[in-house]
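Chemist: In order, the protein sequences belong to chains A and B.
Each step along the first sequence adds one to the number in our numbering, with nothing skipped, and position 258 is 258.
Converting from the second sequence to our numbering requires adding 1000 to each position, the first position being numbered 1.
Think of the hints as simulated: they come from the structure by calculation, not from any bench.
Please read all numbers here as calculations on a predicted model, not as lab measurements.
For every residue, glycine included, the Cβ atom is placed at its ideal position computed from N, Cα and C.
Mixed in with the good hints there might be a few duds.
Said to hold, decoys possible - Which stretches of chain A does chain B cover? Using the computed rule of at least three CB atoms under 8 angstroms from a CB of chain B, they are:
1. 50 to 57
2. 161 to 175
3. 191 to 205
4. 228 to 240
5. 251 to 259
6. 284 to 293
What the hints assert, rightly or not - Facing chain B, a subset of chain A residues (Cβ under 10 angstroms, in silico):
7. Glu28
8. Gly30
9. Val63
10. Ser64
11. Pro128
12. Arg129
13. Glu132
14. Val225
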Amino acid sequence: MTDDGEISVVNSIDFQINSGEVLGIVGESGCGKSVTSLSVMGLVPSPAGKVEGDILFNGENLVSASEKRMRQIRGNEIAMIFQEPMTSLNPVFTIGSQLIEALQIHRKWPKKKAQAQAIDMLKMVGLPRAEELMKDFPHQLSGGMRQRVMIAMAMICAPKLLIADEPTTALDVTIQAQILELMKKLNEETDTAIMMITHDLGVVAEMCQRVVVMYAGKVVEEADVKTIFTSPKHPYTVGLIQSVPDMRDKKERLYSIPGNVPKPGSVKAGCQFAPRCAHAFDRCISETPALESLGGSQKVRCWLYEDEKGVDIVDRTIS
Amino acid sequence: MTEPLVKVENLKKHFPIKGGLLGKTVGEVKAVDGVSFTIHKGETLGLVGESGCGKSTTGRMLLRLLEPSEGNVFFEGKNVLGLSLNEMRKMRREMQMVFQDPFASLNPRHTVEKILEEPLIVHGMKDSKERKKRVKELLEVVGLNSYHAKRYPHQFSGGQRQRIGIARALAVNPKLIIADEPVSALDVSIQSQVLNLLQDLQKEFGLTYLFIAHDLGVVRHISDRVGVMYLGRIVELADSEPLYDNPLHPYTQALLSAVPVPDVEIKKERIILKGDVPSPSNPPKGCAFHTRCPQAMDVCSAKRPDFREVEKGHYVACHLYE
């Protein structure tokens, strides 16, 4: 809710994550990817925001779950890593006490046992001198180390789903490489599914098996990672991939999508992307397309594919 | 090769660390520790490096927004560091800056017109009508409309604000623009618009850029030559193609291999560096990178390597190439 009334930031999002899978959610700022993740965690502030629909986790509907039940799930079965490792650790508690809190609450473990497990977790995420680190405060660590602590904290109860909201955006590339490597290793060794929210297509290509592309609160395309990069269908996905400067090959000029991301609620009818789309025709402005399957795992929300399913728009449009 | 516009020699910036009861200087942060390079007329020199490597400090010292501790900066043969404050102000007409954060670098209480007029007033354009005309011109040059002049910064999106920042830098017809992370706060689709704009302006006005960024893809796209910085020093400097295709310094190699590439077909060999960047208040002896270098030798911890030309136009500071 805002002064202007109700605004839907995220609008009928449908997707699923299979256990053990890494799903990427891509989009630019304001597309609703973070709100989606907060909804799954039941962290959308009420009464400001309202979540409607069903979020099924192992068959259980999280939207209708009680606050008490959510508290049992959060940090236990579903854990989250945030973008800013600086602000998401409590500055007045030691790393150790923050790490064992989850085990003491969810598992009712005695302190000694929880501490031993916490030290093991710190070692697992590749932190040196784990025993001493337990007594350190967050400000004594560097950004990369703090993000490792966050991952250790998220993984300590062996969650079934880990939501990572831009986990490496605040980090330098060499540290980012370390963290991505670590997350990949954890995903392979445990059967934790990861929901990776990011704006960086490189991170997606590196980490994810399946990708959901969001634009202005809606899923515009969904496919496995290979299809997204080799045969993107939605004009927005195509534009996004072509806008990224390639490190290996210098182009004379970058492709750019004209205009700006619309404010939530500003595009009333039709396709949200129509005002910026090079292929928009009358129907795009008046009617809202649905997310349709194109056969296989690929789904797209675009009128272009209404009749001519599977035609490659990359060849047709951008030369 | 064209003549150099800017020549930087052994530039250093050491920030004192105050401590103790009397606020004595107890140490120094060597933010920039002996950087030398030249920027030729009409080219774009990129500076890349991770946070804290001193790339922004270097950019600011060229404009004397920070006073260097040591070294020389020549602009068209004139030593910038020897100028008085008054002369420096005149000199800044030739060299302008675009900042990273388009939200923090525009005064929220001024209209766009006022923001763009200010450099014109400072640099002596007295006729108000002429100034207004110039403001309109500038807005159109950066792809905004003249009716935007009466609006305030908060009414613009990030990309549009960055365009205003660029227009402000262009107002006084500078020769050199120092762009400090101009696109890192922007979304990908907006980032490419701003990069294209910068390239168009360079062609149109014959501008020279010092482009500071941490995004290696962006830097390759826009730069003719690239310098890689680590802990206050340039470790490698070359034309962008040889630097990206054939990096010589182990740090450059690791940095390039660490970047995730948006392509699923390619599985590349990744060099993962151990640990973090050491603190610049106590940089390692010898080569600053030797603590993390996979190819470090005995000599690396003892002697600081010279910055030397190993192939034509390809400079590197590493004992492996001596």
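Chemist: Could you run down the list of hints and mark each one as holding or not?
Modeler: Right, here's what the structure says about each hint:
1. 50 to 57: Check failed, 0 qualifying residues.
2. 161 to 175: Contact hint for the region 161 to 175 of chain A vs chain B: holds, 4 residues under 8 angstroms.
3. 191 to 205: holds (count 7)
4. 228 to 240: holds (count 4)
5. 251 to 259: holds (count 7)
6. 284 to 293: The restraint on the region 284 to 293 of chain A is violated, since only 0 of its residues have a Cβ under 8 angstroms from chain B and three are required.
7. Glu28: Since the shortest Cβ distance to chain B is 4 angstroms, the answer is holds.
8. Gly30: With a closest approach of 9 angstroms, the Gly30 of chain A hint holds.
9. Val63: Constraint on Val63 of chain A not satisfied, violated at 30 angstroms.
10. Ser64: 35 angstroms, violated
11. Pro128: This hint holds: Pro128 of chain A lies near chain B, its Cβ roughly 8 angstroms from the closest one there, short of 10 angstroms.
12. Arg129: Violated, because the Cβ-Cβ distance from Arg129 of chain A to chain B comes to roughly 12 angstroms (cut-off 10 angstroms).
13. Glu132: At about 16 angstroms, which exceeds the 10 angstroms cut-off, the nearest Cβ of chain B leaves the hint on Glu132 of chain A violated.
14. Val225: Since chain B brings a Cβ to about 5 angstroms from Val225 of chain A, closer than 10 angstroms, the hint holds.
The earlier numbered hints that this structure contradicts are 1, 6, 9, 10, 12 and 13.
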